[in-house]
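Quick note on numbering: the numbering used here labels position 83 of the sequence shown as 83, and the sequence is numbered without any gaps.
Please keep in mind that the hints were generated in silico from the structure rather than gathered at the bench. On a predicted model such as this, the values are computed, not experimentally measured, just so you know. All residues carry an ideal CB built from backbone N, CA and C; glycine is no exception. Keep in mind that the hints are not guaranteed to be accurate.
Below, computed lysine-lysine pairings styled on DSS-like, alpha-carbon distance capped at 30 Å [unchecked claim]:
| no. | residue 1 | residue 2 |
| --- | --- | --- |
| 1 | Lys246 | Lys233 |
| 2 | Lys348 | Lys233 |
| 3 | Lys246 | Lys348 |
Computed Cβ-Cβ distance ranges for the label pairs, DEER-style [as the list claims (entries may be wrong)]:
| no. | residue 1 | residue 2 | range |
| --- | --- | --- | --- |
| 4 | Arg73 | Trp340 | 28 to 38 Å |
| 5 | Ser337 | Arg272 | 28 to 38 Å |
| 6 | Asp161 | Arg272 | 43 to 53 Å |
| 7 | Ser150 | Arg218 | 36 to 46 Å |
| 8 | Trp290 | Lys83 | 38 to 48 Å |
| 9 | Gly215 | Ser336 | 28 to 38 Å |
| 10 | Arg272 | Gly84 | 46 to 56 Å |
| 11 | Glu47 | Gln82 | 18 to 28 Å |
| 12 | Pro139 | Arg272 | 50 to 60 Å |
| 13 | Gly69 | Glu151 | 15 to 25 Å |
| 14 | Arg272 | Gly306 | 31 to 41 Å |
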Amino acid sequence: MPILVPAHPLFGEGVRAERAVWEVLRDQLPDEAVLFHGLRVQERQNEYEADIVVLIPGAGWAVIEVKGGDVRRLDGVWQQRQKGVWRTIDPVGQAQDCRHVLQRYLARHGSSAQHSRAVHLVAVPDCDVGDDLESPGTPRPLLIDRHDLSEAFRKVLRALDLHGQGSGPLSDTGAAEMLRLFSGADLASADIFAFHAEHDERVRQMTQDQTRILGLLRNQHRVAVVGGAGSGKTWLALEQTRRLAKDGQSVALVCYSRGLARFLQGVTAEWRQPERPTYVGLFHDLPVQWGAPHGEEDDSAGFEEGLPAWLGRVAAGRPAEDRFDSIVVDEGQDFSSSWWPPTLLALK
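Input sequences plus hints: build the corresponding full structure.
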């Protein structure tokens with residue numbers, strides 16, 4: 001999974017289409033890629049917001065403007081139907097302007113990424129792209145429709161290959177510079193501080209029933225929490241981790257994706273020492289920390305068979321003080337069945 005900035009975007013009402021495109025890219029992009037949502041830039045008196053920005057080391061970067069619902073081009077003018085009324089829009093201009101202002105931002109900061117290959121696209125995830133949407137200014141490779149969602153990552157790569165402007169592919173160094181410049185820090189520290197404020201406020205405002213439920217979880221040795229994206233599962237995982245650690249337990253907080261792992265590490269690092277978990281990070285990094293070989297990134301058999309088997313062997317033989325009182329698993333939908341038995345062996 002790519003690095004996500006922010007780690008948990010807030011998709012409010014009216015941005016269902018943005019969420020759909022963001023989620024397919026999140027699931028398709030390689031681990032070394034970076035996926036931004038709602039990237040805002042201020043240039044003099046002008047404000048810009050890119051719906052989605054994708055950084056792909058070795059290829060380039062792209063700005064994607066998303067328009068949901070009914071979209072058409074009539075007499076060369078883009079229109080979107082909102083509450084039954086067709087309104088004029090300019091998604092191509094928005095995407096192009098955002099790309100240009102980001103390139104100027106990179107240039108002002110002397111980033112090597114300013115000359116990297118870049119492209120802008122328009123996504124209409126509810127529509128079929130026909131002759132009415134395609135034009136000399138927006139050839140078909142720069143348009144993503146509902147049929148393209150299953151291969152959105154490949155569409156971005158093809159757009160970069162055919163229409164990307166720049167002197168060369170985006171280097172690893174350039175991607176790191178863009179991540180730092182666009183997010184403020186590798187861990188998106190501003191987002192973490194905002195999360196802290198929201199977290200503390202939500203804890204303060206918790207109802208007596210919610211507090212009672214969290215308290216009851218202390219008496220349950222195994223609990224599964226289910227809910228849709230944005231329903232607060234990660235927040236609950238963090239709060240329960242903190243409570244368990246504060247009670248003196250050795251706790252492991254594990255997840256599947258690198259972006260979320262960095263986020264969890266950044267949040268828990270700000271807690272007071274008695275509240276910090278013993279281990280925070282990727283669940284497949286735990287056996288590596290205990291001595292397992294790293295393996296290859298694309299070795300799915302190693303991740304789904306070799307590493308869990310190794311964890312089971314080493315966990316069973318480790319002294320009790322090295323194992324955990326509790327293990328909190330976020331992104332449980334990505335935690336395959338082969339990992340559960342050895343994970344339980346990592347418990348005291």
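Hints and how they fare:
Distance hint between Lys246 and Lys233 is fulfilled; the C-alpha atoms sit about 20 Å from each other, no more than 30 Å. For the suggested pair Lys348 and Lys233, the alpha carbons sit about 25 Å apart, so the restraint of at most 30 Å is met. Proposed proximity of Lys246 and Lys348 is supported: the alpha carbons are some 18 Å apart, at most 30 Å. For the pair Arg73 and Trp340, the supplied restraint of 28 to 38 Å is violated, since their beta-carbon distance comes to about 52 Å.
Ser337 and Arg272 have their C-beta atoms about 36 Å apart, which keeps the hinted 28 to 38 Å range intact. At roughly 50 Å, the beta-carbon separation of Asp161 and Arg272 lies within the given 43 to 53 Å, and the hint holds. Look at Ser150 against Arg218: about 44 Å separates their beta carbons, and that is inside 36 to 46 Å. In this structure the hint that Trp290 and Lys83 lie 38 to 48 Å apart at CB is violated, the actual value being about 57 Å.
Between Gly215 and Ser336 the beta carbon distance is about 32 Å. The supplied range of 28 to 38 Å therefore holds. For the pair Arg272 and Gly84, the supplied restraint of 46 to 56 Å holds, since their beta-carbon distance comes to about 54 Å. A beta carbon spacing of about 21 Å between Glu47 and Gln82 agrees with the range 18 to 28 Å that was offered as a hint. Between Pro139 and Arg272 the beta carbon distance is about 56 Å. The supplied range of 50 to 60 Å therefore holds.
Against the hinted window of 15 to 25 Å, the Cβ-Cβ separation of Gly69 and Glu151 comes to about 22 Å, which satisfies the hint. At roughly 38 Å, the beta-carbon separation of Arg272 and Gly306 lies within the given 31 to 41 Å, and the hint holds.
Consistency with the previously given hints fails for numbers 4 and 8, ordered from lowest to highest.
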